[in-house]
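K.L.:
What follows is the residue order along each chain.
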Amino acid sequence: MTYLAKPRLHHPELPKNNVGYTRRDYEGAVSTLCAGCGHDSISAAIVQACWELDIEPHRVAKLSGIGCSSKTPTYFLGNSHGFNSVHGRMPSVLTGANLANRDLLYMGVSGDGDSASIGLGQFAHCMRRGVNMVYLVENNGVYGLTKGQFSATADKGSKSKRGVINNDEPVDMIGLALQLGATFVARSFSGDKQQLVPLIKAAIEHQGAAFIDVVSPCVAFNNHAGSTKSYDYVREHNEAVNRLDFITGREEITTDYAPGESVEVTQHDGSVLRLRKLAPDYDPTDRIKAMNYLQERAAAGEVVTGLLYVKPDPSDLHTYLNTLEKPLNRLGERELCPGAVALEKLNAALR
Amino acid sequence: MKRIEAINNFVVKFANVNGSGSASANELFARSILRMGVPISPRNIFPSNIQGLPTWYEVRVNETGYRGRRGGVDLMVAMNPQTWDADLKEIEAGGYVFYDNTKPLPKSKFRDDVNVIGMPLTGICNATYSDPRQRQLFKNIIYVGALSTLLDIDPNEIERLFSEQYKGKETLLQSNVKALRLGRDYAREHLGGPIGLRVKRSNGVGHKIFIDGNSAAALGAVYGGATVCAWYPITPSSSLAEAFIKHCQKYRIDPATGKHKFAIVQAEDELASIGIAIGAGWNGARAFTCTSGPGISLMTEFIGLAYFAEIPVVIIDVQRGGPSTGMPTRTQQSDLLSCAYASHGDTKHVLLLPEDPRECFEFSAQAFDLADRLQTPVFVMTDLDIGMNSRLCEPLKWDDARVYDRGKVMTYEELEAGKDFGRYLDIDGDGIPYRTYPGTHPTRGAYFTRGTTKDRYARYSEAGPDYVDNMQRLLRKFETAKTLVPKPLLYPADKPARFGAIFYGSTSPAMQEALDVLAERGIHINALRVRGFPFQEEIADFVAAHPWVFVVEQNRDAQLKTLLVNEAKVNPTRLLSVLHYDGTPITARFIVDQVSQHAAARTVVPLKKVVS
Chain A
1 MTYLAKPRLH HPELPKNNVG YTRRDYEGAV STLCAGCGHD SISAAIVQAC WELDIEPHRV
61 AKLSGIGCSS KTPTYFLGNS HGFNSVHGRM PSVLTGANLA NRDLLYMGVS GDGDSASIGL
121 GQFAHCMRRG VNMVYLVENN GVYGLTKGQF SATADKGSKS KRGVINNDEP VDMIGLALQL
181 GATFVARSFS GDKQQLVPLI KAAIEHQGAA FIDVVSPCVA FNNHAGSTKS YDYVREHNEA
241 VNRLDFITGR EEITTDYAPG ESVEVTQHDG SVLRLRKLAP DYDPTDRIKA MNYLQERAAA
301 GEVVTGLLYV KPDPSDLHTY LNTLEKPLNR LGERELCPGA VALEKLNAAL R
Chain B
1 MKRIEAINNF VVKFANVNGS GSASANELFA RSILRMGVPI SPRNIFPSNI QGLPTWYEVR
61 VNETGYRGRR GGVDLMVAMN PQTWDADLKE IEAGGYVFYD NTKPLPKSKF RDDVNVIGMP
121 LTGICNATYS DPRQRQLFKN IIYVGALSTL LDIDPNEIER LFSEQYKGKE TLLQSNVKAL
181 RLGRDYAREH LGGPIGLRVK RSNGVGHKIF IDGNSAAALG AVYGGATVCA WYPITPSSSL
241 AEAFIKHCQK YRIDPATGKH KFAIVQAEDE LASIGIAIGA GWNGARAFTC TSGPGISLMT
301 EFIGLAYFAE IPVVIIDVQR GGPSTGMPTR TQQSDLLSCA YASHGDTKHV LLLPEDPREC
361 FEFSAQAFDL ADRLQTPVFV MTDLDIGMNS RLCEPLKWDD ARVYDRGKVM TYEELEAGKD
421 FGRYLDIDGD GIPYRTYPGT HPTRGAYFTR GTTKDRYARY SEAGPDYVDN MQRLLRKFET
481 AKTLVPKPLL YPADKPARFG AIFYGSTSPA MQEALDVLAE RGIHINALRV RGFPFQEEIA
541 DFVAAHPWVF VVEQNRDAQL KTLLVNEAKV NPTRLLSVLH YDGTPITARF IVDQVSQHAA
601 ARTVVPLKKV VS
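Those sequence lines, one after another, are chains A and B. With our numbering, letter number 346 in the first sequence gets 346, and the count goes up by one each step, no holes. With our numbering, letter number 16 in the second sequence gets 16, and the count goes up by one each step, no holes.
Think of the hints as simulated: they come from the structure by calculation, not from any bench. A couple of the hints might just be wrong.
Far from chain B, by Cβ distances over 12 Å, these chain A residues were calculated [to be verified]:
#1 T32
#2 S80
#3 G96
#4 H224
#5 A225
#6 T285
#7 R287
#8 L328
Here are some chain A residues pointing at chain B (derived, C-beta under 7 Å) [to be verified]:
#9 V86
#10 N292
#11 N322
On a predicted model such as this, the values are computed, not experimentally measured, just so you know. In this text, a Cβ means the ideal position worked out from N, Cα and C, and glycines have one as well.
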């Protein structure tokens, strides 16, 4: 179907959000990925999240590396600037872009090959620095675009489509993100839009390094028996610790919870994340406990999903660097150049 | 025995042990001469080491103002027994060796034609100080004191330097002055006072300033409007990033809020450094990275992206000896080709070739205008010799009327007015398209940046004609670059010249001196200093105008020559390479020697004429 142009005509009664855009205004070009690809569901979830949050599309910058996942920014937010950079190097490009203009919203889209193999270093350091961004990994455990080689997140013992068993330990991106200082860490499944959309919204709202690992099955190369990243496997082993139902300040709370059924996280800006508890003792603000819990459940073969960790009062790279509120890319010679008199003074001091 | 007699024209070399605190004492020595108005050019020759290995500091004192290395040493301050033999060999006949004679050396360790000045530095220190650290540090100041007597340097200048350095630290000031006087008194009483080498007050320095290239380049980045800098520590470029930090702290803090008008990231590697700079450049900030050869190698994939996706970024390459780790603390001009053609596929990049700290300042400021105007990576090719040594040069200048050239950026108003925007559309015929900054307009001007082939409207395309169209436009853009990069400078000979010489960068001071020496010997040469790439027509014309042209470079493979033949289409048979690449800065003596040999071979009267 990809050879067909997307119809530009909208239904006249499509609902508009508070900034006057319909959901269709957040779409991009027609996807060229395989029919049924988990990545397309994620693109749809991003569209939904941005529309619901009343974000003006052109105020988003979407950046990616190389691979199937990195192609997806073409397929959402067509009125945003996009940058399909170098394999594994999206984090540095995003960091630089963010430094240049702190007023935009930065969405980094990457894959498991892009972020866990060639780009593991940049992934790690970008988290360490606390770049204010949404970093989304579309994790399918294989290299799709080069036809089915294992990636570094493939589980040990899982089987490739050609029948090869993976002997290498997987890179645990969630574990790394927690360890390296990401202030918002979540895992979801491309097949569970109900869970994914609120997580993306919360990540966008979060004023720090937000990481979402989305298990996103590759229908062409990793959706068979023996794979641990297939639709069937993930559905069977998915253990959500919570459901993010509301982000106050944005939406009205309409559901009542019985005591002990929900947990609330009040963020620095006063907004509240209300999570429905699915695992009774899970506290998403306790990083150390979260790390332990995740290790335990992973050993038991579960794919734990939900909002795994959030730091209610995050800081970001701009805070550390103490940069001006006005974006650096809007400063001109008047603000930046010390001028001839200062140079004369300096000359005098160099004699 | 012969004794070299010279006023304001000699070379002093200090042989020290790294980490012994000698660097600041040696610089004090050099600055005191400068304060007497006498031009100097000091150079650090240092190991890749923090403590224990040999290090040298060479100060050329030269009234005429020649700033290149001369070659040879008149006074060796031999403080390192490890290198004694080699150091002694370097001294000119009739020269001097100053050494610590606390423990006597056998006669066989000396040369008959070198004047020996022994001073029991360790003995004096041990008798004066009890703290071992003080013994070491003040030993250096004591020899500076002795040297000031031997060379007739005004001690008041040294004491003034002390008082500037130790402002408000009275104890330190007093103890340094005491050590200095200790050395002076000893030299006067026991060493027979001044030797044949003398410093005489002069006005040779004039209004010139004394600054290192890295500091000047960093200042150029501040003046040029750089706001984002990402870097990874590597000798010899680290001090450039550190100087940028220092200058920004001084000039770029908003007085009202205390907030920073800059963002500097020490990245995890060079891959990230260039990535951050490219991301910032894409988003409309002026951004740069500074590195050296190994860093360039790592950055090449990204440089190709920036070339093909047309993103402004400035890369300052402080060159050192390669390949591989090579000679990390020695100088070379050996990254020319790797920068000119950095990355896979067909790529060509703009290079700027500064000769000294002043041009480091100018070119690095200009590089940001060029990068924005041309929407491409721009390289400032400096080297360790310029970057890490303080050099006497013309004062830095800035015109307050100067406005940053942000290049072709389509604004909200233009987009709103319906101006046709194609990211890779050549409207003006100069090969340079318009770009938009992210977030400019709600519905117009957004585009997708990619390293993959695209059409004029930035739409993904794998069509051959789209690819060729784009690659041809990039060539047109490179033609435009010729009109913008600094033009070569011609230094015509006083008399009609059969020979031409092309040189660039840090070779400049040695070359200027060599040209004078050669002219005195009757070899007249028109010289051309290349200051940028792509090459202008003047360069090819210059080569065509001379039967033979020397190309003087500091690398093994004659990289500029290769580039000239490739890109300026000059006749390679006219080009004679003069190549210096042992890691030390090229000297006038070396150039004179090589050029004289070439010239002699080419002035032989043809056999036909001899027999007829």
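K.L.:
Next step is simple, just say for each hint if it's right about the structure.
P.N.:
Verification of the supplied hints:
1. T32: Given a closest Cβ separation of 9 Å, the condition is violated.
2. S80: With a cut-off of 12 Å, S80 (chain A) comes too close to chain B, as the shortest Cβ separation is near 6 Å.
3. G96: Violated, because the least Cβ-Cβ distance between G96 (chain A) and chain B comes to about 3 Å, which does not exceed 12 Å.
4. H224: Label holds. Min Cβ-Cβ 30 Å, cutoff 12 Å.
5. A225: holds (35 Å)
6. T285: holds (29 Å)
7. R287: holds (23 Å)
8. L328: Incorrect as stated: the minimum Cβ-Cβ distance to chain B is 4 Å, not above 12 Å.
9. V86: holds (5 Å)
10. N292: Cβ of N292 (chain A) sits 28 Å from chain B, so the hint is violated.
11. N322: holds (5 Å)
When each numbered hint is compared with the structure, violations occur for hints 1, 2, 3, 8, 10.
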